[in-house]
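Peer 1: Listed below, chain by chain, are the residues.
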Amino acid sequence: MAKIIGGITTSHIPAVGNAISDGLTQEHYWKRFFDGYKPVHEWLEEKKPDLIVVVYNDHGLNFFLDKVPTFAIGCADKYENADEGWGLKPTSPFTGDAEFSWHVAESLINQEFDMCTCQEMLVDHGFVNPMRVLFGDHEVWPIKSIPFAVNTVQHPVPSARRCYKVGQALKVAIESYPEDMKVVIAGTGGLSHQLQGERAGIINVDYDLACIESVINDPDWFANQSNDEIIEQAGTEGIETIMWLVMRGALGEKVNCLHKHYHAPISNTGAGVLLLEGAD
Amino acid sequence: MVWKKHEYEDIPGSYVFDGRRAHSSYAMNKLFYSFNEEKNRKEFDADPVAYCDKFGLTDEQKELVVSQDFLGVLRSGANIYYMAKFAIPRGLSVQDAGAAFQGISGDEFREKLLEKREGLEERLEQEGGYWNG
Ligand SMILES: [Fe+2]
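Taken in sequence, the protein lines are chains A and B. Sequential numbering from 1 applies to the first sequence in this note's numbering. Sequential numbering from 281 applies to the second sequence in this note's numbering.
Where hints are given, some of them may not hold.
[As the list claims (entries may be wrong)] Here are the computed lysine-lysine pairs in the BS3-like style, where the Cα-Cα straight-line distance is at most 30 Å:
#  : chain 1 : residue 1 : chain 2 : residue 2
1  : A       : Lys89     : B       : Lys310
2  : A       : Lys67     : B       : Lys285
3  : A       : Lys89     : B       : Lys319
4  : A       : Lys165    : A       : Lys144
5  : A       : Lys31     : B       : Lys396
6  : A       : Lys165    : B       : Lys285
7  : A       : Lys67     : B       : Lys310
8  : B       : Lys319    : A       : Lys78
9  : B       : Lys334    : A       : Lys89
10 : A       : Lys182    : A       : Lys67
11 : B       : Lys322    : A       : Lys67
These aren't lab readings, by the way, just hints derived from the structure by calculation. Being a predicted model, the structure only gives us computed values, none of them experimental.
Looking at chain A on its own, in the form it has when it is part of the complex:
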């Protein structure tokens, strides 16, 4: 049977990908941020997971505003990256696992989460940068990956509680897949940031650290917050931190925290890296 062996959180902002492409990861501005991934790299090296589910939001590459699914899952064997409007060279394609995806989609739908299933799905920086920062750049990626997209762009977006619940359902879905495989879930995005308006430039360290503690030890604290409260504290774009709860829900009641790292600012954001293992 498939087993979820751990969960990771990471930023996915474009600047992270740019820093990797431009060879800046050891520059003063970036060093502390990137060095904080080393324990995660070592863990991935040791555990060698077969597949990663990347929970992210699309920022207008695959989905336009004509159709905005609240939760969508890639159900293909391959996912391409593409130009997002500023001419970056696309990464090599990512290898999916259609049978795994369709099983997960079916299980989620049976558990009353009405997923949008995607047989073609372009993956943008929200997916690509977590892959690059966790695994490095590859012609052939060393792990299968599944895009799991959450709408955090156009309100109404799902509540933090709903994200936590879909994560709990994701655990049931994945761990009922008959093939023996080791699966990791990445919750991406965040932490606090606001790109737009006179209030742009918010980084709320207190709130970020509270969210980190909550995701580790008390997910209900974060899951109980309304989107209004989260926007107020974390900024209009900081709302995407709710995606961490999808990852957290998939790990079960209790977790062991193997690594926690916080850094600010990277570009306009606070950034948190967690490595968690289920402890139930």
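Position chain B with the ligand against the provided structure of chain A, taking the given hints into account.
Peer 2: Below, chain B with the ligand alone, put in the same frame as chain A:
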């Protein structure tokens, strides 16, 4: 017909992108979305007015787009991520945009962000359990 009020509308200096904004700025966001393809970026550059007309922008939004009034564009309903496809290739980073909103320079804006780093290591030391280099 009436748009429902939301609590988040009372957060100052914030333009939460919801159905109301998405509805009124649909054509403009669709134009920005088209910039994912290089050939469309070139077509826009060759004749911005014609390109705006092709997407059916209102006169007011057309004026904002053609004059590259990024802040006006944002206020009139553009989604920040879609606007980025318009602004970034034209040399305006999200930090410059944030700075312009506050009437300060990009460098001042970046400086304010960097201030968040002051005392961070000590703070995390106090919290406990954080990786700290
Ligand atoms: Fe994002």
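Peer 1: State for each hint whether it applies.
Peer 2: Verification of the supplied hints:
no.: 1; hint: A:Lys89 <-> B:Lys310; in the structure: holds, 23 Å
no.: 2; hint: A:Lys67 <-> B:Lys285; in the structure: holds, 23 Å
no.: 3; hint: A:Lys89 <-> B:Lys319; in the structure: holds, 16 Å
no.: 4; hint: A:Lys165 <-> A:Lys144; in the structure: holds, 24 Å
no.: 5; hint: A:Lys31 <-> B:Lys396; in the structure: holds, 16 Å
no.: 6; hint: A:Lys165 <-> B:Lys285; in the structure: holds, 27 Å
no.: 7; hint: A:Lys67 <-> B:Lys310; in the structure: holds, 12 Å
no.: 8; hint: B:Lys319 <-> A:Lys78; in the structure: holds, 25 Å
no.: 9; hint: B:Lys334 <-> A:Lys89; in the structure: holds, 28 Å
no.: 10; hint: A:Lys182 <-> A:Lys67; in the structure: violated, 33 Å
no.: 11; hint: B:Lys322 <-> A:Lys67; in the structure: holds, 26 Å
Checked against the numbered hints listed earlier, the structure breaks hint 10 alone; every other hint is satisfied.
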